[in-house]
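Could you put together the complete structure from these sequences and hints?
Residue numbers (this note's numbering), protein chains in the order written: chain P, 1 to 255; chain F, 256 to 631.
The set of hints was computed from the structure by calculation and includes no laboratory data.
Hints are supplied without guarantee of correctness; some may be wrong.
The calculated label-pair distances, taken between Cβ atoms and stated as ranges, are [said to hold, decoys possible]:
1) P/Cys230 x F/Ser312: 40 to 48 Å
2) F/Thr595 x P/Arg15: 15 to 23 Å
3) P/Ala139 x F/Ala604: 15 to 23 Å
4) F/Glu496 x P/Ala90: 13 to 21 Å
5) F/Val505 x P/Tyr72: 49 to 57 Å
6) F/His352 x P/Gly143: 27 to 35 Å
7) P/Asp68 x F/Ser302: 40 to 48 Å
8) F/Val505 x P/Arg15: 32 to 40 Å
9) F/His352 x P/Arg73: 46 to 54 Å
10) F/Thr600 x P/Arg241: 46 to 54 Å
11) P/Asp232 x F/Arg510: 36 to 44 Å
12) F/Ile390 x P/Glu74: 56 to 64 Å
Backbone N, C-alpha and C fix where the C-beta goes; we use that ideal spot for every residue, glycine too.
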Amino acid sequence: MSVVDIVDVRTSFGRLLVHDGINLSVKPGDLLAIVGGSGEGKTTLLRHIAGLSAPTSGQVRLFGERYDEGSYRERRLRRQRFGMLFQHGALFSALNVYDNIAFPMRELGGLHEDEVETLVMSRLALVELDPHTARQMPAQLSGGMVKRAALARALALEPELLLLDEPTAGLDPDRSAGFVSLVRSLHDSLGLTVVFVTHDVDSLLALANRVAVMADRRILACDTPEEIMCLDHAFIDTFFRSLRQHDEPMTPWMR
Amino acid sequence: MKSRVHHAEQLTPPRIEVTGAGFALHGHWTLACMRPHLHTLRRDLASSAREISWDLSAVERLDSFGALLLWRAWGQRYPEALVMPGLLINSFERIQHPLEPEPPAPPHRVHSYLARVGQGLLEAGSHVRGMIELIGHVTSELWRLPQHPREIPWLETSAAAYKTGVQALPVAALLGFLIGIVLSYLSALQLQNFGAETFLINILGFGVIRELGPVLVSILVAGRSGSAITAQLGVMRVTEEIDALAAMGVSRHQRLILPKVVALTLVMPLLVAWTSALALIGGAMAAKLQLNIDIFNFFERLPTVVPLANIGIGLGKGAVFGMTIAMIGCHYGLRVKPNTESLSTNTTASVVSSITAVIIIDAIFAVLTRTLGVPR
Chain P
1 MSVVDIVDVR
11 TSFGRLLVHD
21 GINLSVKPGD
31 LLAIVGGSGE
41 GKTTLLRHIA
51 GLSAPTSGQV
61 RLFGERYDEG
71 SYRERRLRRQ
81 RFGMLFQHGA
91 LFSALNVYDN
101 IAFPMRELGG
111 LHEDEVETLV
121 MSRLALVELD
131 PHTARQMPAQ
141 LSGGMVKRAA
151 LARALALEPE
161 LLLLDEPTAG
171 LDPDRSAGFV
181 SLVRSLHDSL
191 GLTVVFVTHD
201 VDSLLALANR
211 VAVMADRRIL
221 ACDTPEEIMC
231 LDHAFIDTFF
241 RSLRQHDEPM
251 TPWMR
Chain F
256 MKSRVHHAEQ
266 LTPPRIEVTG
276 AGFALHGHWT
286 LACMRPHLHT
296 LRRDLASSAR
306 EISWDLSAVE
316 RLDSFGALLL
326 WRAWGQRYPE
336 ALVMPGLLIN
346 SFERIQHPLE
356 PEPPAPPHRV
366 HSYLARVGQG
376 LLEAGSHVRG
386 MIELIGHVTS
396 ELWRLPQHPR
406 EIPWLETSAA
416 AYKTGVQALP
426 VAALLGFLIG
436 IVLSYLSALQ
446 LQNFGAETFL
456 INILGFGVIR
466 ELGPVLVSIL
476 VAGRSGSAIT
486 AQLGVMRVTE
496 EIDALAAMGV
506 SRHQRLILPK
516 VVALTLVMPL
526 LVAWTSALAL
536 IGGAMAAKLQ
546 LNIDIFNFFE
556 RLPTVVPLAN
566 IGIGLGKGAV
576 FGMTIAMIGC
586 HYGLRVKPNT
596 ESLSTNTTAS
606 VVSSITAVII
616 IDAIFAVLTR
626 TLGVPR
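Written as structure tokens, this is what we have:
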């Protein structure tokens with residue numbers, strides 16, 4: 001049973017064709033990276049998965065169902081089974097970090113405020129933020145902390161699937177390595193399935209166990225990172241060039 | 256195309272089974288799955304004795320909320336008779352030693368009446384200071400620019416004039432025309448009682464040209480352009496665009512504020528003339544229908560009963576009101592803090608204060624010009 005099934009998806013914005021027959025499926029436990037050049041529609045694909053936009057034709061199924069399938073309650077329930085980290089965090093600027101993380105729990109209802117508190121603080125600990133950040137406003141946080149707080153909010157309901165849009169963009173290498181190992185440990189301890197879009201080769205190799213390469217409006221290949229790197233294609237060459245030039249293994253997989 | 260509808264696996268709801276020895280838990284003990292059954296689950300867990308045995312081996316998924324509920328039911332420790340797959344222990348570990356949240360900062364409470372007055376004064380003082388700074392910056396830019404003609408923001412000024420002036424023409428016309436009709440109609444009804452029909456032209460002429468035209472347009476523009484100016488500058492503050500300008504050495508006062516102030520000051524008198532003209536046309540048409548005053552006759556008599564000075568006063572007021580609205584809009588726009596709440600507060604404050612300021616300035620005008628343009 002796949003977590004996400006993308007079948008024959010075509011997307012066009014006006015006359016601009018972005019996706020031309022995309023097929024992809026994500027299995028439980030996958031750490032799938034979507035890579036591709038700018039404007040290849042990676043973020044759009046992620047938004048399709050989250051049900052924030054719909055393809056022009058074809059199907060996107062999440063947990064086996066289309067985003068518009070089922071009653072209002074069922075659709076809502078389905079949305080509670082995944083968390084999404086937006087590229088710029090998208091924290092609610094009028095709420096402090098604590099209330100941001102508590103928001104999905106309070107929306108769900110039925111929780112006592114002291115339970116919300118324990119859960120919020122455990123999420124903060126999970127993303128390695130200090131307790132005193134809880135009372136800060138998003139505008140007071142640094143870029144890396146915004147990402148962490150947004151990740152904590154995405155994890156608020158302990159979703160089965162985590163969608164990350166450029167999780168390491170705008171972070172310095174040190175922070176981005178920390179973020180990657182954080183997501184990896186969450187994957188191991190929570191049994192998450194993760195789909196992420198990235199431009200960053202280092203985070204890709206450190207995190208992904210499968211890579212989908214988008215080029216020419218299609219999925220060029222979807223395989224393990226080692227297999228992908230052996231492929232002969234102009235985009236893959238340029239994408240991994242920085243590594244090939246170093247000519248030294250950077251992660252255990254490449255040894 | 257494969258269009259067979261896949262049905263999602265049904266997530267088995269959490270369930271407590273009472274066995275001979277104690278409780279056996281089944282299903283998905285996750286927040287979303289427990290939500291519909293939360294009330295019963297809480298009740299059943301609360302009624303359980305801690306000493307009984309617990310069997311968690313049939314639990315398919317346990318998140319930290321599920322763990323939290325059980326942990327509390329167990330009185331913050333593992334029961335002695337517990338069967339639990341090793342994997343689930345992660346969930347318990349996450350919630351066992353929660354970080355202590357910092358107590359929320361005590362709300363800044365103002366105790367005494369005096370302190371509240373003082374705070375209000377400080378707040379008002381910061382507005383006055385900000386406004387004076389703004390006026391100073393705009394004046395110094397106005398002084399500096401003629402010496403550096405290359406830096407004059409022609410494009411921005413003309414764009415602002417188009418947005419605040421030209422695009423406001425249709426709605427201003429509609430507003431003026433309808434108010435003209437209403438005013439003329441209501442006055443005509445009263446004047447008929449006294450047989451003083453011809454004075455309708457005096458009333459309309461004075462009322463519209465001197466008072467109603469400028470004030471109506473100001474309220475319209477404050478709502479339309481004042482709010483837009485505040486929102487635009489506010490969002491530019493939120494997205495750090497204003498800082499980006501400053502980093503490139505471009506003065507925000509020169510590029511963002513001056514064009515708006517100049518454009519509104521120039522455009523408002525024109526809008527006032529346009530709106531007043533349409534109000535008079537509307538009034539004349541209503542007068543024709545109600546009192547049978549010939550339209551041609553109406554406009555022929557108008558200059559003889561309303562001295563020319565009134566047009567000057569009306570247009571002058573328009574210019575001052577336009578400048579006020581733009582300055583207040585910019586002032587509040589620059590005070591926006593980087594969050595949505597502050598943006599909405601400042602936009603509201605901007606519109607409310609510009610309308611208030613316009614009416615106050617109007618009253619001052621009325622006093623200062625009480626001897627001007629009034630036939631004796």
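Hints, verified against the model:
Range check, P/Cys230 to F/Ser312: about 44 Å between beta-carbon atoms, so the 40 to 48 Å window is met. The supplied range of 15 to 23 Å is broken by F/Thr595 and P/Arg15, whose beta-carbon atoms lie about 35 Å from each other. A hinted range of 15 to 23 Å for the beta carbons of P/Ala139 and F/Ala604 is consistent with their spacing of about 19 Å. Remark: the range hint 13 to 21 Å for F/Glu496 to P/Ala90 is upheld by a beta-carbon distance near 19 Å.
Taken as a hint, the range 49 to 57 Å holds for the pair F/Val505 and P/Tyr72, whose Cβ atoms sit roughly 50 Å apart. About 29 Å separates the C-beta atoms of F/His352 and P/Gly143, a value consistent with the hinted range of 27 to 35 Å. Taken as a hint, the range 40 to 48 Å holds for the pair P/Asp68 and F/Ser302, whose Cβ atoms sit roughly 42 Å apart. A hinted range of 32 to 40 Å holds for the C-beta pair F/Val505 and P/Arg15, which are about 37 Å apart.
For the pair F/His352 and P/Arg73, the supplied restraint of 46 to 54 Å is violated, since their beta-carbon distance comes to about 36 Å. Separated by about 50 Å at the C-beta atoms, F/Thr600 and P/Arg241 satisfy the suggested range of 46 to 54 Å. Checked against the hint of 36 to 44 Å, the pair P/Asp232 and F/Arg510 fails, with Cβ atoms roughly 51 Å apart. Judged by the Cβ atoms, the range 56 to 64 Å given for F/Ile390 and P/Glu74 holds: they are separated by roughly 60 Å.
In this structure, the earlier hints numbered 2, 9 and 11 are contradicted, and the remaining ones agree with it.
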